[in-house]
Amino acid sequence: MAYTQANDDCVGKFYKHQPLDSEKHQIRLLKLRNSSEDTVDYRLITFDFESAPSYVALSYTWGDERPTGSVSIDGKEFEIRMNLLNFLRTYEVDGYLWVDQISIDQSNPEERNHQVKMMWKIYSRCDYVLVWLRNETTCTPSTNQAALDFNNGVQSYLKHGRREDGSSDDKKSFDWPTLAPLHNSYFDRLWIVQELLLSKHVRILVEGNVWILWESLRTKREELGGKIQRILPSTSRMVDAQLWRHTFDRHIVLSEMEYITITVSDFCDKKCRDPRDKVYGLMALVQPSSQVEVDYTKSTHQVFLDAVMSMVREYWYMRREPSDGGYKFYRVKWTFGKTVESLWSLAQAMGFTDLEKSGFRSFVECIWERILRYEVTAKSHGLQMDAETRCITSVGYEPEKRQVSVNERLEATCNRWWYRFEGNRYYHDCKEWSGKAKLQEYTVPEDVRYSKPGLGKKLLTRNDRTSVGRELL
1 MAYTQANDDC
11 VGKFYKHQPL
21 DSEKHQIRLL
31 KLRNSSEDTV
41 DYRLITFDFE
51 SAPSYVALSY
61 TWGDERPTGS
71 VSIDGKEFEI
81 RMNLLNFLRT
91 YEVDGYLWVD
101 QISIDQSNPE
111 ERNHQVKMMW
121 KIYSRCDYVL
131 VWLRNETTCT
141 PSTNQAALDF
151 NNGVQSYLKH
161 GRREDGSSDD
171 KKSFDWPTLA
181 PLHNSYFDRL
191 WIVQELLLSK
201 HVRILVEGNV
211 WILWESLRTK
221 REELGGKIQR
231 ILPSTSRMVD
241 AQLWRHTFDR
251 HIVLSEMEYI
261 TITVSDFCDK
271 KCRDPRDKVY
281 GLMALVQPSS
291 QVEVDYTKST
301 HQVFLDAVMS
311 MVREYWYMRR
321 EPSDGGYKFY
331 RVKWTFGKTV
341 ESLWSLAQAM
351 GFTDLEKSGF
361 RSFVECIWER
371 ILRYEVTAKS
381 HGLQMDAETR
391 CITSVGYEPE
401 KRQVSVNERL
411 EATCNRWWYR
421 FEGNRYYHDC
431 KEWSGKAKLQ
441 EYTVPEDVRY
451 SKPGLGKKLL
461 TRNDRTSVGR
471 ELL
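Quick note: the sequence shown, position 177, residue 177 per full-length UniProt numbering, numbers continuous.
These aren't lab readings, by the way, just hints derived from the structure by calculation. Bear in mind the structure is a predicted one, so any value in this text is a computation, not a measurement. The reader is advised that the hints may include incorrect statements.
Stated by the list, open to error - Restraint-style ranges between C-beta atoms, simulated for each label pair:
1. R203 - S72: 22 to 28 Å
2. H183 - D269: 15 to 21 Å
3. S345 - K200: 26 to 32 Å
4. K298 - N424: 19 to 25 Å
5. D74 - Q287: 37 to 43 Å
In this text, a Cβ means the ideal position worked out from N, Cα and C, and glycines have one as well.
My request is simple: use the sequences and hints to build the entire structure.
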């Protein structure tokens with residue numbers, strides 16, 4: 001059956017989601033059931049994705065956790081945040097709507113994993129993305145009037161090269177203060193990047209029937225982009241990025257933004273509540289071979305390390321000759337320094353301390369040295385193309401641990417990054433280093449990993465790493 005009405009799991013006063021069948025790639029769509037002055041009642045219907053009807057996908061800011069409001073779904077109460085409630089009070093259209101706060105069971109990590117993986121399908125398939133800008137602090141009657149003036153001004157300018165009042169002093173004639181509605185925290189959100197870039201069409205709703213024509217901004221970037229860049233940098237980035245991606249789509253060419261290294265570097269500074277979403281919130285834009293598996297049961301450090309290995313593999317792939325299966329697009333400007341720089345930016349965006357990052361560069365560089373040396377072995381033995389990157393079997397991060405030493409004194413090990421190669425772990429301490437001192441890699445047997453400092457620990461200088469690398473190969 002193409003759909004099932006989600007009533008069976010509604011118990012008591014509050015609405016409860018009916019589980020989705022992940023094998024059928026199902027989604028839930030919200031539909032207005034009936035409306036009156038006192039109440040608005042919705043149906044939440046589950047569809048197999050391939051047979052789902054036309055729908056609109058909502059893009060908005062969640063807002064503060066408290067206070068909350070509620071809507072009626074199949075006669076049951078469902079709690080939502082106030083910004084979404086304000087939207088639903090405004091948007092009374094008899095059609096299907098996909099909205100993450102309702103369509104996804106946010107209390108179910110397994111379902112969140114599955115639905116986040118489907119984001120590229122959800123936003124690519126929708127009729128259009130509806131951007132909801134209104135909130136109590138940024139939208140006022142004057143803002144709504146500015147939105148109307150903006151629409152009228154854009155249309156007149158694009159048709160006649162002049163404002164409605166007849167003036168035609170090129171770009172100076174455009175009434176740029178009417179861009180005020182686009183000064184909104186919405187454009188600082190990380191999740192909107194994929195929501196806007198994946199969609200075919202975008203419509204911005206301020207309130208009621210007040211719309212801003214995003215298409216005019218996107219298709220006429222050359223005419224309007226100069227001043228938008230200066231006045232609205234965050235909004236301008238999205239206009240430029242969407243135009244860039246759609247241009248490449250039309251020519252069936254792989255765009256820069258499909259590489260995880262570039263995508264993360266460009267957008268990890270945008271805001272999100274969960275630091276893991278600095279990675280997961282961009283995966284719908286990344287080519288499958290570079291994607292990080294979405295798993296909300298993992299810690300922030302684990303997700304970051306997944307991104308580390310994805311970027312390392314991506315760089316290894318890019319540096320290969322095309323005859324070896326590499327891809328020569330953007331080869332000229334691709335360096336390992338770019339990979340390390342992107343990871344450094346991501347570490348900062350995910351909230352890691354400077355102490356955690358201090359040993360990180362040597363950690364990544366040593367991983368890369370291992371891969372380079374293993375590449376010779378892989379080629380000589382005729383191993384598969386990606387065997388080099390798989391020689392690093394796991395990576396990790398260990399927080400500081402306190403322990404009683406053999407002298408019965410309380411001692412602490414510092415935070416440290418590690419990777420596993422040929423059955424051994426290699427560590428990089430997160431310490432402050434000064435002067436000419438160098439960060440050192442060391443390996444510790446598994447059974448004495450936290451013994452008294454100096455026992456069972458072998459420090460490796462850069463020359464040592466070279467000899468050990470050869471020895472292990």
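Here is how each hint holds up against the structure:
Distance hint for R203 and S72: a CB-CB separation of about 26 Å, consistent with the stated range 22 to 28 Å. A C-beta distance of roughly 18 Å is found between H183 and D269, which places it inside the suggested range of 15 to 21 Å. Between S345 and K200 the beta carbon distance is about 30 Å. The supplied range of 26 to 32 Å therefore holds. The hinted range of 19 to 25 Å is satisfied by K298 and N424, whose Cβ atoms lie roughly 24 Å apart.
Remark: the range hint 37 to 43 Å for D74 to Q287 is upheld by a beta-carbon distance near 40 Å.
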